[in-house]
Each structure stands twice: as C-alpha cells, then as structure tokens.
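Trainee: Listed below, chain by chain, are the residues.
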Amino acid sequence: ETGVTQTPRHLVMGMTNKKSLKCEQHLGHNAMYWYKQSAKKPLELMFVYNFKEQTENNSVPSRFSPECPNSSHLFLHLHTLQPEDSALYLCASSQAVAGGHGWDIQYFGAGTRLSVL
Amino acid sequence: AQKITQTQPGMFVQEKEAVTLDCTYDTSDQSYGLFWYKQPSSGEMIFLIYQGSYDEQNATEGRYSLNFQKARKSANLVISASQLGDSAMYFCAMRESGGGADGLTFGKGTHLIIQP
Numbered sequence: 224e225t226g227v228t229q230t231p232r233h234l235v236m237g238m239t240n241k242k243s244l245k246c247e248q249h250l251g252h253n254a255m256y257w258y259k260q261s262a263k264k265p266l267e268l269m270f271v272y273n274f275k276e277q278t279e280n281n282s283v284p285s286r287f288s289p290e291c292p293n294s295s296h297l298f299l300h301l302h303t304l305q306p307e308d309s310a311l312y313l314c315a316s317s318q319a320v321a322g323g324h325g326w327d328i329q330y331f332g333a334g335t336r337l338s339v340l
Numbered sequence: 003a004q005k006i007t008q009t010q011p012g013m014f015v016q017e018k019e020a021v022t023l024d025c026t027y028d029t030s031d032q033s034y035g036l037f038w039y040k041q042p043s044s045g046e047m048i049f050l051i052y053q054g055s056y057d058e059q060n061a062t063e064g065r066y067s068l069n070f071q072k073a074r075k076s077a078n079l080v081i082s083a084s085q086l087g088d089s090a091m092y093f094c095a096m097r098e099s100g101g102g103a104d105g106l107t108f109g110k111g112t113h114l115i116i117q118p
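Quick mapping for you: the protein sequence lines, in order, are chains U and F.
Going by my numbering, the first sequence opens with residue 224, and the numbers climb by one from there.
Going by my numbering, the second sequence opens with residue 3, and the numbers climb by one from there.
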C-alpha cells in the first residue's frame, strides 16, 4: 500500500460530464500537488496546495477545479473536458520545509488514467 | 528552452551491468534541487534519489548514485548491478529555490529495458 492513494484508477467520461478525482495522503504531509502526464510530454505541474492554501495555479483551464478541504485530501473536479485532456493525472504530497535551502521530497500516487470521449 | 534535458529516449542494458542515465539542467538559481524518479508500467512515480546544489558529496541510495557535476550542469543517475525489475521509465526533475512547497520541472524521461 502506498502513502498516497488516488481514486479512481481509470475514468472514462464524455465531454459534457462532471466528475472528480480524489487523492488522499497518509504521510502527515502539509503540501499536495496535481500533475498532468500526457503521452510524449513531460509531467506538467497543475496546482500546488501548501497548508490547504492554493499557492500555485500553473495556467490551468477553468474546466479543472481543485479543492483541498484538509491537508490529507485533494480533489480535482472536472467539467466540460476536451479530448486533449485525456492523460494520466498524478497527485503528490510532501512535507514542505519552512524557509532556507531545505528540499522536500514529493511522493506520488499511482495516478488516474482519464479518457475523454 | 527546456530546463531538464534527457537525451536518451530509450536504453537496452544487459542484466547485472551498470547503467548511466543522462540528465542536464538549466537554471540561473544558485539554490536548486535535482531529483530522480522511476515510473513502472503501473504508473506510480517512485522517488529514487536527490541532490541539493550545495551538497558537496554525490548522493547515494543503495544501488542508485547521482553523478553531480555542477559546472557542467549535469546530474546523471547511475544504477549499479542492474536487475530485471529496473525496467521502467526514469525521470529527472528539478526544483529551484528551497523552502516552502513548489512544483518539480520534469524531463521527458528515459525508457530503460533490462535484458536477461
């Protein structure tokens, strides 16, 4: 069992559907992240949450809406998606270091494989 | 311009041989961290090793070591005594400026296949 759990593992949705991806971390971390991994492209950062506050939105279209109700849970709400949004969506968590030169290690879940028809 | 460059899209290596996966990076920051992840076909990104820009010693974790050459801006991953289970995608990533929470910038990855 991993420390970061993502559900569902696979999701097929139509362009008019609304669905949500869920991520839960059991590591006691204070920061959570969403990444998108498309075929033949590097992982792209989507959102960063630090202590439940969104600290980064990497120019993500508004059809993706994140929610972080507490430091253990992160959601990605999806609506009116396009076929090009089909990808592997990865969640990660880390224990962010306050100030200085510290480096937190990001631990990832297994991802949700999303297909938009 | 790419911040992380991995020039080997794919590699075939005989079991038990050592493997070097290349990674070069581009940053003007003095403080940065470099990370390597492994992604098997199951999809999960598995953390392997990291190196801070101020670390003087090359990082090692079991069979993994990071050959950090700051002047060349390279951070190659070395896997000693490769095993069949090492077959996977390998990603180099960087984060600039320490502290707080921030995302990683990833390279395109290297697909490593270990042959018996």
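Mixed in with the good hints, there may be bad ones.
To be verified - Where chain U lies over chain F, by a calculated footprint (3+ residues, C-beta under 8 Å): (1) 14-28; (2) 104-116.
As the list claims (entries may be wrong) - Distance condition first, Cα-Cα at most 20 Å in a straight line; then the derived EDC-like pairs of lysine to aspartate or glutamate: (3) Lys72/F to Glu19/F; (4) Lys264/U to Asp28/F; (5) Lys264/U to Glu46/F; (6) Lys245/U to Asp28/F; (7) Lys275/U to Asp308/U.
Just so you know, these hints were derived from the structure itself, not from any lab.
The structure presented is a predicted model; accordingly, all values stated were derived computationally and were not measured.
Built from N, CA and C at the ideal position, the CB exists for glycine as well.
Trainee: CA of Lys72/F to CA of Glu19/F, is that 20 Å or under?
Mentor: violated, 26 Å
Trainee: Need the status of pair Lys245/U, Asp28/F: alpha-carbon distance at most 20 Å?
Mentor: violated, 34 Å
Trainee: Lys264/U and Glu46/F: Cα distance at most 20 Å?
Mentor: holds, 16 Å
Trainee: Go check the stretch 104-116 of chain F versus chain U for me, would you? Three or more residues, Cβ under 8 Å, otherwise it fails.
Mentor: Since three or more residues must qualify, the claim that chain U covers the stretch 104-116 of chain F holds, with 8 doing so at under 8 Å.
Trainee: Three residues minimum, CB to CB under 8 Å: does the stretch 14-28 of chain F make the cut for coverage by chain U? Let me know.
Mentor: violated (count 0)
Trainee: Run the distance test for Lys275/U versus Asp308/U: straight-line Cα separation, threshold 20 Å.
Mentor: violated, 25 Å
Trainee: Decide if the proposed pair is consistent with the structure: Lys264/U and Asp28/F, CA atoms, cutoff 20 Å inclusive.
Mentor: holds, 18 Å
The structure fails to meet hints 1, 3, 6 and 7 from the earlier list, while all remaining hints are met.
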